[in-house]
Amino acid sequence: MPSDYFPVFVFLLIAVGFPVMIIALSSIVGPRKPSPEKLMPYECGVDPIGSARKRLSVKFYIVAMLFVVFDIEAIFLYPWAVIFKDLGVFGVVEMGLFIVILFVGLIYAWKKGVLEWE
Amino acid sequence: MDLVIPKIDALSLCPELVLSITAMLVLLVTVYLPKGRKDPAAYVGLLGIFIALMSLTLLWGKPRYAFNNMIMVDNFSIFFNMVILVTAALSILMSITYLKEEGMSHGEFYALILFSAVGMMFMTAGANLITIFLGLETMSISLYVLAGFLRDSNRSNESALKYLLLGAFSSAFLLYGIAFIYGATGTTDLKGISEFLSRATYMKDPMLLAGMGLLLVGFGFKIATVPFHMWTPDVYEGAPTSVTAFMSVGVKAAVFAAFVRVFSHALWDLQPDWNQLLWILAVLTMTLGNVIAIAQTNIKRMLAYSSIAHAGYIMMGMIASNELGTSSILFYMLAYAFTNLGAFGVVILFGRKGEGNLDIEDYSGMGFKYPVLGLLMAVFLFSLAGIPPTAGFVGKFYIFSAAVKAGYIWLAIIGVMNSLVSVYYYLRVTVMMYMKDPVKDLEGLHWSPSMIVALIIAVAGTLLIGIFPSPYLDLAKQSVLHLM
Amino acid sequence: MKIGQRWPEDEMYKWGSYFGLAPKIAKTWPCLRFSQYVSNFCSVDNWRNREMLDYVWLVPLFPAIGFLINGLFGYRLSKGFVGVLACTVIGLSFLTSVLIFFDLLQLPPESRSFEKIIYTWIPAGDFKTSVGFLVDPLSIIMMLTVSGVSFLIHIYSVGYMHEDEGFKRYFTYLNLFVFSMLLLVSANNFLLMFVGWEGVGLCSYLLIGFWYERKAPADAGKKAFVVNRIGDFGFLLAMMLIFVTFGTLNFHGVFGAAHHNNEVSTLVMTAITLLLFLGATGKSAQIPLYTWLPDAMEGPTPVSALIHAATMVTAGVYMVARCSVLYTLAPVSLTVVAIVGVATALFTASMALAANDIKRVLAYSTISQLGYMFLACGVGAFSAGIFHLMTHAFFKALLFLGAGSVMHAMAGELDMRKMGALKPHMPKTYWTFLIATLAIAGIFPFAGFFSKDEILWHAFEKNTILWALGACAALMTSFYMFRAVFMTFHGESRVDAEVKKHLHESPSVMTTPLIILAILSAIGGFVGIPIIKGANVFHDFLTPVTGGHVAGSVEVTLGNLAYASSSALSYGEAVQHNVGLEIFMMVVSLIIAFGGLGLAYLMYLKDPSLPRRLVEKFKLLYHLILNKWFVDEIYDFLFVNPIKRGSTVLWQFFDAKVIDGIVNGSGWCIKWTSSVLKRIQTGYVQNYALSILVGAVAIIFYFLLV
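Protein chains in written order, with the numbering used here: chain A, 1 to 118; chain B, 1 to 484; chain C, 1 to 706.
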């Protein structure tokens, strides 16, 4: 029934409405007196040098991706640990497989030199 | 809270598991191999495929569900998986020298092919829309990377980007369709859906119909039916030729398997609804594919359009909606696999470094300069055109007769007319090969052993299936019998 | 005869002792010995009984072997070997056919139908198509004619093509051509026949365009191919319809069902037969699909001989005769066949009257003679059609090879106005050419007389108008053929001085086939002597297949399985009622033939100025004919000046070039559409995504609304 989805609708409304409201409020209520200094990008109080659109080394991305993978692994391990006893041997084996697969990936990345900066 | 621990039935998944492990092994092997000498990685991959193929035969004839009805192992999926494995094997064989010549010999290539094949196999065995979707994504993501594998080539990059963007777009449609179907029937299980539909006295639930339409879009994109075909020529042209070969056959096989399972099985009660539409799409697909193929000057683009047209022919088998029709799809897929892979093999061999000889013009006089290669190409093109005694002819005959039997005489007539039109552009290449003087200085070819093996398998398959089709037809028929 | 059915031992030996040749050869031929083990269908026991019949598959196999060896290894073999191999395989085919023929003769007439199934090719659902061969009087005559004439042409070709660079390629194609044709005539079902049918089409394309460096042959090859595709389309549709109607494609099955099953409506039967006939018009160059054949002479001359005589064009006639059971059940189709046949005969004969190119004269005469064969089929005289096919194969092959010989001597010159008085220079060519001309003109006792007269007689029985038109065409045939002879070999020499020095008779490798063919053309007709009961051996031999000659007659009883044999309406009886009339008609035919001869003599030998005067007098007609009824010009006219199109609607009727235009036009149209559609492919991802979105919306709307 469509009416069942009413709470979802309300949730949607709040989720969209809240940020809209905050942005709107701050732009209405907040005073605005722009000056060149104020419009400058913030860089710890130092005057910015050169363009901000600089190319970053691809290494950053690779490290970031690697981080995300293992981050997810850690997140995945938490709920697993919580119900570890209920899962029994099955849980151990499954998580073992999961970690082995990630480990293969780690070896691959390692040998490919992802972990070396130079 | 009680946890339901799914029953693990690793045996049913043996081929997929073997292939996955092989793929990881390939990754590990490749990093320990010296640069530029990555051939062993390919051989490891081939070995894995061989073991997977063997294990597939063990599963033959024993249909079963596995993993809480998420996976269905029956002859139908096994047949398609065999086609997929053969495709993967031939693609790897064709790639070894090709990649070296292009200066891109990396072991990851083979691992990606294997991962993609795993995805395809999950699609064919999916008994649940979720499994099918997971398989589709596994397959597609690997292919996006493969399409852009020649990273120094602009075309290859363009091809990968286009495929990724549009693939993601179409996957969203598919997923949306799955959500709708779930919303309408309360399950994503194919058996559950079919039971729900047969229980319910028929009602035109808009949500269900919309879901079905969206599924059609998702599948239609992958098998390149009109109007979701636009990506095909660009992607096929830009991707490394061996990847194109793999895509044109493997993806079609996997998606058609899922397509048949979902539409001819789960959504069977809606058959009157989708049949008409499929009729229109099939006619559009084969006609447009064939007509545009005529104007192509690049052989890869021409083969891309031809593959669109072939998707149209195969859809005829679905429209026929009978046992003969479904088994004809299987048979056609098998015939098409050998034929198309062979044709692309010749294109790879003849294309050479930097994809120099890809215009149809370049094939002028090729038949005299390389009699064997010319003859092979002629056989493959005849098979694609459906000229006896090749596999393509029997496949077409079988599919057309299924359509005729089911009463779709006009569809069959349109199919026949289309195949007459298609002869024109296939034959044009043959004419170039045998009736024109060479425009370019053709140097010697590099016949590598792996390529020779691949071409021999392809041509043997094409001719064998064309001349002695009955065992393969029996195989296709048996595969359909146990379709659950 | 059913598979596996055996003949009583004693009778077999009785017959076997008469024709002891076949088993002897079968025993001493190691290759056959071997194949006996290969073929799981024949135990030692069986083959002794059926002898050569079991080896019918060898007939098409030999040329296939030749094709494979020449095609794959030809570039490493010497010219001599390629030529000898190509000839040998065809010769072996012919020999096998002869042996099979004798074996078939041993069987009683009503069981002369033998099926040899090699294996099941395509099992689809409950119906099966096999790779199998059918030996019956019709197919064995075709096999003999095809392999025999092809053999002679092969030998001739060795001499003719000796200097050509593409010598090996030529023989490779030629073997493939003969293989396809033999497969076509020996198949036991429509599908396998279609395989041969396609193969023949493909080879004609390759051979007509053999000298692909020049534009004309390449175009002619393409034209032949495209026109034939239209015919093939008819054949394919007919096949589908047969499959739907009868549930099988096997000849026995279809004809048996057609005969027994009265539920099949005449409409369906008519549709099937007309579609089949469309296929036949493509292959056998009848109106409206005849235009490819005159152009087909761009190929090497022996190829023209092969196409015009033994293979390719006879395929359509064979197919119609093979399906005689179906045609008999569809009187409308028979009428169409007869009308198209006689119209083609007349129309193309008129074109040959003023043609100056010797090969073109022969090309038009082929179409015209094919028209006769269809006329015969159309009036129900299928055996007469096949008879004429056979005799025509002899003399037309001879004519073309003779023309090739002339061309050889004349350094490629084809224009008859630049010939004349060649007789003393090349006597063998002259005499053989003359015999062929006498045969084609229908002068007693040469082969053409018997076959043509039989056709005309049956036409007369059926419809006087058909006879009159046919007789008219016969007059023209006689005239233009003798015109060709007189212009080429007699009169004053108009040969260029330079060429004249080199005039010579062709080498014996070329003239020997000419002589053999001449003998056949001279005496070949005696197998079908009319009037005297029992003397028309040919007709009696074919009767089990083609049935009674009277169209529409339901009195075709089943011999074995599907084969209609004439019992109530036996040929002999029917003839005896009209002996007087028939003899009279024969005399009329002869007078007509001599009339044409005399006219040609008058105009081209006795009074060479007469043609000019006649031309002056009948300027319009002459120009019409000389310019092939302005068929080409009308075509231009129609497209160059479309405003006046309305006034030429009538012309279009006779205008095969319009059909041609449609062919080319539709090709062009598809190309144009293709290039327009190609532009939709912009290369922008957003456009592609849009197309997907539009498609998705359309599909969902379709589902929700429909």
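Calculated from the structure, these hints are not laboratory results.
For glycine and all other residues, C-beta sits at the position ideal for the given N, C-alpha and C.
Please note that a few of the clues may not be correct.
Claimed, not checked - Here chain C is said to cover these stretches of chain B; the calculated rule only asks that three of the stretch's residues, wherever they fall, bring their Cβ under 8 Å from a Cβ of chain C:
{"#": "1", "region": "38–46"}
{"#": "2", "region": "108–120"}
{"#": "3", "region": "153–167"}
{"#": "4", "region": "185–195"}
{"#": "5", "region": "412–419"}
Claimed, not checked - Calculated from the model, a selection of chain A residues having no Cβ within reach of chain B, i.e. all distances over 12 Å:
{"#": "6", "residue": "VAL16"}
{"#": "7", "residue": "LEU25"}
{"#": "8", "residue": "GLY30"}
{"#": "9", "residue": "SER35"}
{"#": "10", "residue": "ILE49"}
{"#": "11", "residue": "GLY50"}
{"#": "12", "residue": "SER51"}
{"#": "13", "residue": "ARG55"}
{"#": "14", "residue": "PHE76"}
{"#": "15", "residue": "VAL89"}
{"#": "16", "residue": "ALA109"}
{"#": "17", "residue": "LYS111"}
What the hints assert, rightly or not - Below, in silico cross-link-like pairs of lysine to any residue (SDA-like), each with a Cα-Cα straight-line distance of 20 Å or less:
{"#": "18", "chain 1": "C", "residue 1": "LYS128", "chain 2": "B", "residue 2": "PRO471"}
{"#": "19", "chain 1": "B", "residue 1": "LYS35", "chain 2": "A", "residue 2": "PHE84"}
{"#": "20", "chain 1": "B", "residue 1": "LYS369", "chain 2": "C", "residue 2": "SER78"}
{"#": "21", "chain 1": "B", "residue 1": "LYS7", "chain 2": "A", "residue 2": "PHE84"}
{"#": "22", "chain 1": "B", "residue 1": "LYS7", "chain 2": "A", "residue 2": "PHE90"}
{"#": "23", "chain 1": "A", "residue 1": "LYS111", "chain 2": "B", "residue 2": "GLY365"}
{"#": "24", "chain 1": "B", "residue 1": "LYS436", "chain 2": "B", "residue 2": "GLU323"}
{"#": "25", "chain 1": "C", "residue 1": "LYS79", "chain 2": "C", "residue 2": "ASP164"}
{"#": "26", "chain 1": "A", "residue 1": "LYS111", "chain 2": "B", "residue 2": "LYS369"}
{"#": "27", "chain 1": "C", "residue 1": "LYS215", "chain 2": "B", "residue 2": "VAL29"}
{"#": "28", "chain 1": "C", "residue 1": "LYS128", "chain 2": "B", "residue 2": "LYS436"}
{"#": "29", "chain 1": "B", "residue 1": "LYS7", "chain 2": "A", "residue 2": "LEU87"}
{"#": "30", "chain 1": "C", "residue 1": "LYS418", "chain 2": "C", "residue 2": "SER508"}
{"#": "31", "chain 1": "B", "residue 1": "LYS204", "chain 2": "C", "residue 2": "VAL697"}
| said: Name the hints, by number, that the structure is in violation of. | reply: Hints 1, 2, 4, 15, 16, 17, 19, 23, 24, 26, 27, 28, 30 not satisfied by this model.
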